[in-house]
Amino acid sequence: MMRRYHLIPVAIFIALAGGLYVGLDPDRNPKAVPSALIDQPVPEFALPPVEGRGLGLASADLRGEVALVNVFASWCGPCRVEHPLLMDLAAKRVVAVHGINYKDQPKAAAEWLLRLGDPYTRTGADRDGRVSIDWGVYGVPETFVVDRAGRIRYKHVGPLQADDLEQKILPLIRRLQG
Amino acid sequence: MIAELGHYALILALVVALVQGTLPLIGAQRRTPAWIAVARPAAILQAGLIGIAFLALTHAFVTSDFSVVNVAENSHSAKPMLYKISGVWGNHEGSMVLWVLILALYGLAVALFGRNLPPSLRARVLAVQALIAVGFLLFIILTSNPFERLSPAPLDGRGLNPLLQDPGLAFHPPMLYFGYVGFSMAFAFAIAALIEGRVDAAWARWVRPWTLAAWCFLTAGIALGSWWAYYELGWGGWWFWDPVENASFMPWLAGTALLHSAIVCEKRDTLKSWTILLAILTFSLSLLGTFLVRSGVLTSVHAFATDPERGVFILAFLVLVTGGALALFAVRAPGLAGGGLFAPISREGALVLNNLLLTVGCATVFLGTLYPLFLEIAGGGKVSVGGPYFNATFIPLMVPLVAFVPVGSMLPWKRGDLAGVLARLRFAGGVAGATALAVLALVEGTSLLAAGGVLLAAWLAAGVLTELAGRVQLLRVDAAESWRRLVRLPRASVGMSLAHLGVAVFVAGVTGSVAWHTEKVQTMRVGETVEVAGYQFTLDGVSEHRGPNYTATSGQFTVTRQGAPVTRLRPEKRIYPAENMPTTEAAIHSTAMRDLYAVLGDPAEDGAWTTRLYVNPLIAWIWFGCFMMVGGGLLSLSDRRHRVGAPVRQAVRAGVLGPAKA
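Protein sequences appear in the order of chains Y and L.
Adding 1 to a residue's 1-based position in the first sequence gives its number in our numbering.
Adding 174 to a residue's 1-based position in the second sequence gives its number in our numbering.
No lab work stands behind these hints: they were computed from the structure.
It is possible that part of the hints are untrue.
Unchecked claim - The calculated DSS-like cross-link candidates involving lysine-lysine, where the alpha carbons are at most 27 Å apart (straight line), are:
{"hint": "1", "chain 1": "L", "residue 1": "Lys694", "chain 2": "Y", "residue 2": "Lys156"}
{"hint": "2", "chain 1": "Y", "residue 1": "Lys156", "chain 2": "Y", "residue 2": "Lys104"}
{"hint": "3", "chain 1": "Y", "residue 1": "Lys104", "chain 2": "L", "residue 2": "Lys588"}
{"hint": "4", "chain 1": "Y", "residue 1": "Lys169", "chain 2": "Y", "residue 2": "Lys93"}
{"hint": "5", "chain 1": "Y", "residue 1": "Lys169", "chain 2": "Y", "residue 2": "Lys156"}
{"hint": "6", "chain 1": "Y", "residue 1": "Lys169", "chain 2": "Y", "residue 2": "Lys108"}
{"hint": "7", "chain 1": "L", "residue 1": "Lys694", "chain 2": "Y", "residue 2": "Lys169"}
Unchecked claim - Derived Cβ-Cβ restraints for the label pairs, each shown as a range:
{"hint": "8", "chain 1": "L", "residue 1": "His763", "chain 2": "Y", "residue 2": "Pro85", "range": "46 to 56 Å"}
{"hint": "9", "chain 1": "Y", "residue 1": "Gln41", "chain 2": "L", "residue 2": "Phe548", "range": "22 to 32 Å"}
{"hint": "10", "chain 1": "L", "residue 1": "His763", "chain 2": "Y", "residue 2": "Gly78", "range": "29 to 39 Å"}
Unchecked claim - Just a few of them, taken from the derived set where beta-carbon distance is under 7 Å, the chain Y residues facing chain L:
{"hint": "11", "residue": "Val11"}
{"hint": "12", "residue": "Phe14"}
{"hint": "13", "residue": "Gly20"}
{"hint": "14", "residue": "Val23"}
These numbers were taken from a predicted model, which means no experiment stands behind them.
Just so you know, even glycine gets a beta-carbon here, dropped at the ideal spot from N, CA and C.
Using the sequences and the hints, build the whole thing.
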């Protein structure tokens with residue numbers, strides 16, 4: 002009896018070590034926070050375009066085709082990092098790319114798009130950030146994949162990397178367009 | 175060249191550690207004196223070699239040798255000398271070298287001062303230490319070589335994270351490591367005792383000072399870290415239940431339990447297998463902390479360069495060390511004979527309760543820290559466990575623990591009289607009740623919970639003082655005689671009282687800073703005044719200036735109270751161009767009763783600035799309490815009974831010092 006009792010610590014430890022080993026999975030990102038909005042319809046909103054652009058962005062615009070919605074700001078460094086990828090994506094016309102301009106000065110946003118290029122079909126100027134809050138945005142950049150029915154299907158936090166696009170986002174978009 | 179020398183010394187140290195970890199162990203088993211004798215010189219040699227490696231790395235940092243990758247990535251030529259040196263352990267690789275250096279220094283201490291240990295026990299202890307060193311040296315050499323070269327060498331380094339460029343943080347990691355690694359001594363003694371199959375009072379006498387020393391370092395290290403978080407991160411808080419904080423707190427809780435159970439083991443020759451188990455768990459939790467910080471398994475504000483590959487290595491090592499130790503425990507512990515019997519109401523009983531509460535407290539912190547990971551693995555989604563969980567589970571366990579301290583330390587060994595002890599504590603109870611009622615009546619905004627905190631702190635302080643007063647016969651003999659008695663009390667027992675008083679001060683500090691804390695966040699224009707808890711903060715101006723390796727924007731506040739000037743505060747926002755990273759430097763005006771705390775935030779529109787202003791009552795007591803705990807530990811350590819190398823004096827111990835000491 003005594004011996005069995007003394008085995009309890011080893012048993013607990015083995016279970017713990019197993020759990021920690023699984024936790025080491027390199028594909029696991031402990032920092033990722035899943036969005037509660039996944040598979041939910043996009044929030045109701047209507048935004049005017051960024052200064053100097055023609056088309057604004059509203060929830061109605063996101064129904065009918067698969068779209069990528071990118072939340073960006075001219076003051077955001079990582080947005081500049083992912084910008085070429087968005088330009089590339091827009092040039093290839095794989096998917097409609099829309100932008101929500103988060104808490105930005107109208108002039109700064111317009112100049113940013115003018116100087117770096119404008120990958121967005123439609124833009125929405127979210128000056129006070131209210132619409133972004135409805136989208137569950139907690140930092141820029143964030144990127145959402147929206148399906149034909151206007152539901153959010155995927156959310157990417159932080160700048161897009163080529164790997165993220167190739168391995169996760171584009172396959173999903175192809176499937177949704179399928 | 176010097177870097178290569180350091181690398182070479184590390185490899186030699188590994189070879190020495192391999193020898194030290196095997197020959198003495200076999201020798202002790204076969205009773206071969208020559209093999210047993212290997213342990214001592216090997217430990218000295220190993221400490222020397224790791225010392226050389228550490229010095230070589232320090233040299234590279236001090237001379238800004240950017241051809242070494244580690245220096246190029248973590249140092250910068252414009253950095254002040256103190257941070258060039260602290261940069262050695264401000265990164266993953268260097269901190270591991272410091273880790274093994276401290277391990278080797280502890281081994282050196284056993285080799286030099288362990289003359290009165292039975293040779294076979296000493297050989298086994300040193301061998302276990304060496305085996306731990308083998309693991310870490312392999313880890314460094316295979317996955318984290320700090321001496322790797324870079325060609326071509328960059329013109330300047332990337333700099334040390336500016337948050338770490340702070341005197342408090344320069345010494346926080348070494349303190350923590352002396353604590354973490356110090357518990358390896360208790361662990362090595364536990365394994366050696368399990369191998370020998372014998373745990374006796376002499377063994378416990380040996381383990382106690384090492385545990386106490388490690389505990390002092392760890393307490394100081396945690397307190398320093400929390401103080402740093404308070405003034406450097408600019409959030410106004412001092413403890414965040416972050417996984418990495420918890421990683422250092424768990425060994426502290428287990429180590430505190432070990433400290434107390436080792437007393438029972440020594441004085442009463444009982445609770446042996448429990449003490450051994452605690453020694454194993456305490457060090458295992460230190461290793462687990464290392465794993466959690468460096469593997470990236472959990473998300474934390476303390477982003478060490480995490481790497482799953484390193485994680486696998488540390489995990490494998492953890493499995494070998496802890497799994498092996500626990501398996502050995504399962505085989506050997508049932509054979510350890512139990513010692514003296516005791517009634518539930520007794521000093522032993524009180525210390526068992528202490529251990530129970532501390533280990534359950536440790537378990538709740540453990541669960542809260544790892545729960546998100548295990549829930550996610552089990553497919554339960556992502557959660558984060560924060561302050562509310564810990565406040566709801568951990569604090570209710572600590573309240574009875576603190577409340578029982580005065581009672582427990584007055585109970586005699588074997589069998590005690592609870593009613594008698596409580597009668598002696600009547601006065602302390604009265605003082606505590608009166609203090610709490612006075613605070614409730616006089617201090618505005620005191621909740622019942624806050625009054626409870628005051629009650630607890632006052633009860634503990636009054637109880638500890640009552641016990642001390644009883645010991646020196648205060649008021650029963652004249653004051654001069656009482657003083658003579660106090661001076662002649664064993665330092666260990668005065669140290670205990672001091673440490674327990676430190677706990678009381680800590681509890682008061684926590685209560686004050688949580689219950690009466692005021693915080694205001696707003697935008698302020700120059701010239702504007704904001705009132706926080708009776709203090710008027712006026713923003714006089716904002717200016718730019720230049721430091722050695724940063725540029726700063728600093729705000730000037732004048733603080734007045736009822737028209738009288740109190741102080742000027744100059745919080746800063748710094749930009750470190752080498753790292754392109756901003757930091758906030760809170761400005762703090764500290765007195766015994768309260769801290770004024772100001773943070774300058776980002777500029778808002780039209781020349782206004784975001785500012786955060788806090789008044790934190792009693793917060794300095796938190797660190798002063800920790801300081802008293804460490805002081806108590808050190809005082810106790812200086813007791814000649816504990817002094818490393820002092821011969822065992824069975825007769826003296828049983829006769830003169832009497833039963834009422836700890």
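Here is how each hint holds up against the structure:
Of the supplied pair hints, the one linking Lys694(L) and Lys156(Y) is violated, its CA atoms being roughly 35 Å apart against a limit of 27 Å. As the CA atoms of Lys156(Y) and Lys104(Y) are separated by approximately 20 Å, the hinted pair is consistent with the 27 Å bound. Simply put, Lys104(Y) and Lys588(L) have alpha-carbon atoms about 71 Å apart, too far for the 27 Å limit, and the pair is violated. Under the criterion of a C-alpha separation no larger than 27 Å, the hint pairing Lys169(Y) with Lys93(Y) is consistent with the structure, at around 18 Å.
About 11 Å separates the Cα atoms of Lys169(Y) and Lys156(Y), which keeps this hinted pair within 27 Å; it holds. With a C-alpha separation of about 34 Å, the suggested pairing of Lys169(Y) with Lys108(Y) is violated against the 27 Å cut-off. For a cut-off of 27 Å, the pair hint linking Lys694(L) to Lys169(Y) is broken: about 44 Å separates their Cα positions. Between His763(L) and Pro85(Y), the C-beta spacing of about 49 Å keeps the proposed range 46 to 56 Å intact.
A hinted range of 22 to 32 Å for the beta carbons of Gln41(Y) and Phe548(L) is consistent with their spacing of about 28 Å. As the Cβ distance of His763(L) to Gly78(Y) is approximately 35 Å, the hint placing it in 29 to 39 Å holds. A distance limit of 7 Å between C-beta atoms decides the matter here; for Val11(Y) the minimum to chain L is near 4 Å, and the interface restraint holds. A least Cβ separation of about 6 Å between Phe14(Y) and chain L falls short of the 7 Å threshold, and the interface hint therefore holds.
At a threshold of 7 Å, the smallest CB-CB gap from Gly20(Y) to chain L is about 5 Å, leaving the interface hint in force. At about 5 Å, the closest approach between the beta carbon of Val23(Y) and any beta carbon in chain L falls short of 7 Å, and the interface hint on this residue holds.
In this structure, the earlier hints numbered 1, 3, 6 and 7 are contradicted, and the remaining ones agree with it.
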